[in-house]
Amino acid sequence: MMLTVWRCQACGTVRLCGRRLCPECSSGRWLEAALPSAGRVLAVTRVHIAPAEAPVVGPPFTLCLVKTDVGGVQFMAASEEELTIGDAVALSCDRQAAPYLVTRQPARP
Amino acid sequence: MAFVAGVGLTAFGDLAPATSVDLQLEAAEQALADANLSQAEIDGLLVGYSTSAPHLMPANRFAERFGLRPAFAQGVSVGGATGLSMVDLARTLIRAGRARNVLVVAGENRRSGQSRATARQTLAEVGDPVHEVPNGGSVPAYYALLASAYLHRYGLREDDLAAFAVLMRHNASVTTGAHFRKPIAIGDVLASPAVATPLNRLDCCPISDGGAAIVLSADLPGNGPALEITGAGQAHLHQHLSATDLEDVAAGAVQAAMAAKTEAGCGTFGRIGIYDSFTITLAMLLEACGFAAPGRASAQLRDGCFERDGPLPLNTHGGLLSYGHSGVAGGMAHMVETVRQLRKDEAENSDRPRSAFLHADGGVLSAHVSLVLEARR
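These protein sequence lines map, in sequence, to chains A and B.
Per numbering that gives the first Met the number 0, residue 0 is the first one in the first sequence, and the count goes up by one each step.
Per numbering that gives the first Met the number 0, residue 0 is the first one in the second sequence, and the count goes up by one each step.
Read the hints as simulated data drawn from the structure, not as lab findings.
C-beta: ideal position from N, C-alpha, C; glycine also.
It cannot be assumed that every hint is accurate.
To be verified - DEER-style ranges, computed between Cβ atoms:
(1) B/Ala70 to A/Met0: 53 to 61 Å
(2) B/Glu63 to A/Met1: 42 to 50 Å
(3) B/Ser111 to A/Val69: 18 to 26 Å
As the list claims (entries may be wrong) - Quick partial rundown of chain A residues pointing at chain B, CB under 8 Å, derived from the structure:
(4) Leu15
(5) Val56
(6) Phe60
Kindly generate the complete structure, drawing on both the sequences and the hints.
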């Protein structure tokens with residue numbers, strides 16, 4: 000699966016959301032781009048008290064920050080699995096539930 | 000020059016049936032009495048937002064109720080940094096000649112004026128509405144993510160963070176008006192219910208009712224030492240956690256702190272007041288503001304550095320973690336406390352430097368304001 004992100008057409012900066020002006024080069028030319036969904040867990044928490052309906056089964060459920068291997072874009076994502084920092088994961092996008100879900104993948108070198 | 004002329008702080012806790020404006024009025028009355036100023040002498044007014052009583056014109060609403068007719072009035076909203084941001088703006092107004100006496104005030108019945116679920120949902124909105132909040136994000140969860148990365152990076156454990164909650168409670172135990180005063184131990188923090196790992200309930204500030212007010216003046220105050228704001232710095236580098244580099248997430252605090260210290264030309268402080276919405280907030284901000292080496296804040300705490308009688312007393316009222324957090328006023332309480340302690344130091348002729356550093360953050364380490372306060376003789 001590919002993830003939708005935004006790429007500055009002038010300098011190549013990639014962000015989760017487009018900007019009116021690129022923070023790196025001030026260009027206003029942003030276009031949607033596709034990014035491979037593989038990444039690693041940078042930060043992780045098991046949420047026991049959620050502000051609203053849990054996005055996956057729970058609480059408790061997992062909320063994590065994942066950085067994609069390609070492009071280095073950070074995503075906040077939910078999971079039913081218990082994850083640890085450094086885990087290799089795959090992101091998926093499901094607008095019916097949480098915007099981003101992660102599942103653990105076999106360890107990569 | 001802008002001097003602190005007066006301060007006011009209500010008790011924090013469950014203060015029903017007081018409304019947000021009631022709490023603002025109580026704090027403002029205290030601050031004006033402390034400054035020995037009348038309502039007619041206030042020509043500038045800055046009022047912080049209230050999540051439980053949102054309003055298009057919070058400053059005008061307050062002015063009418065309090066009986067003010069200021070030449071300048073504005074409502075301000077930069078999350079937890081709002082209080083110090085208003086003080087920074089008040090100083091700017093005075094230095095620009097737009098006002099002589101500026102009242103900065105905030106108050107909110109955040110605890111009793113809405114349900115706990117509503118408060119949590121409102122606060123969670125500091126997250127991105129499309130990419131973060133629908134994942135089940137909450138303010139504790141955002142800071143828990145920071146905490147997990149921090150503990151992992153420095154090889155620390157939950158009890159390293161819990162030590163900050165213990166110190167704040169110790170300070171609150173001797174502070175009249177604090178929301179929670181019963182002393183706690185590290186074991187109590189670790190045994191409290193998990194909110195979002197690694198943060199437990201006692202790693203998180205409570206939701207409180209309360210109000211705070213500060214009067215800044217162009218004139219030398221007649222009540223104790225002339226406390227001047229000698230440095231200020233701000234930085235606003237991101238709003239959402241997803242939009243920042245996690246390894247550099249506290250860069251805004253570093254920038255703001257350096258700017259304030261550089262402007263003041265002051266690097267030695269007798270007291271510090273640092274925003275402590277969670278134990279992790281306090282640890283990370285102490286390090287970003289230059290009061291501990293990276294990953295060493297808890298070790299310095301254990302060495303006694305931040306204790307009431309230590310070299311760098313920290314949040315001696317108990318901070319947000321134990322005096323309480325009523326929104327904007329919670330972030331102002333650190334400054335009110337610092338002013339009171341500096342006055343006490345002067346009255347007792349203590350050896351402690353008559354200077355203080357204050358820092359607050361809003362969002363998820365998103366908005367930063369640092370201030371330096373020094374006594375002029």
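Hint check results:
no. : hint                            : result
1   : B/Ala70 to A/Met0: 53 to 61 Å   : 59 Å, holds
2   : B/Glu63 to A/Met1: 42 to 50 Å   : 56 Å, violated
3   : B/Ser111 to A/Val69: 18 to 26 Å : 50 Å, violated
4   : Leu15                           : 5 Å, holds
5   : Val56                           : 11 Å, violated
6   : Phe60                           : 6 Å, holds
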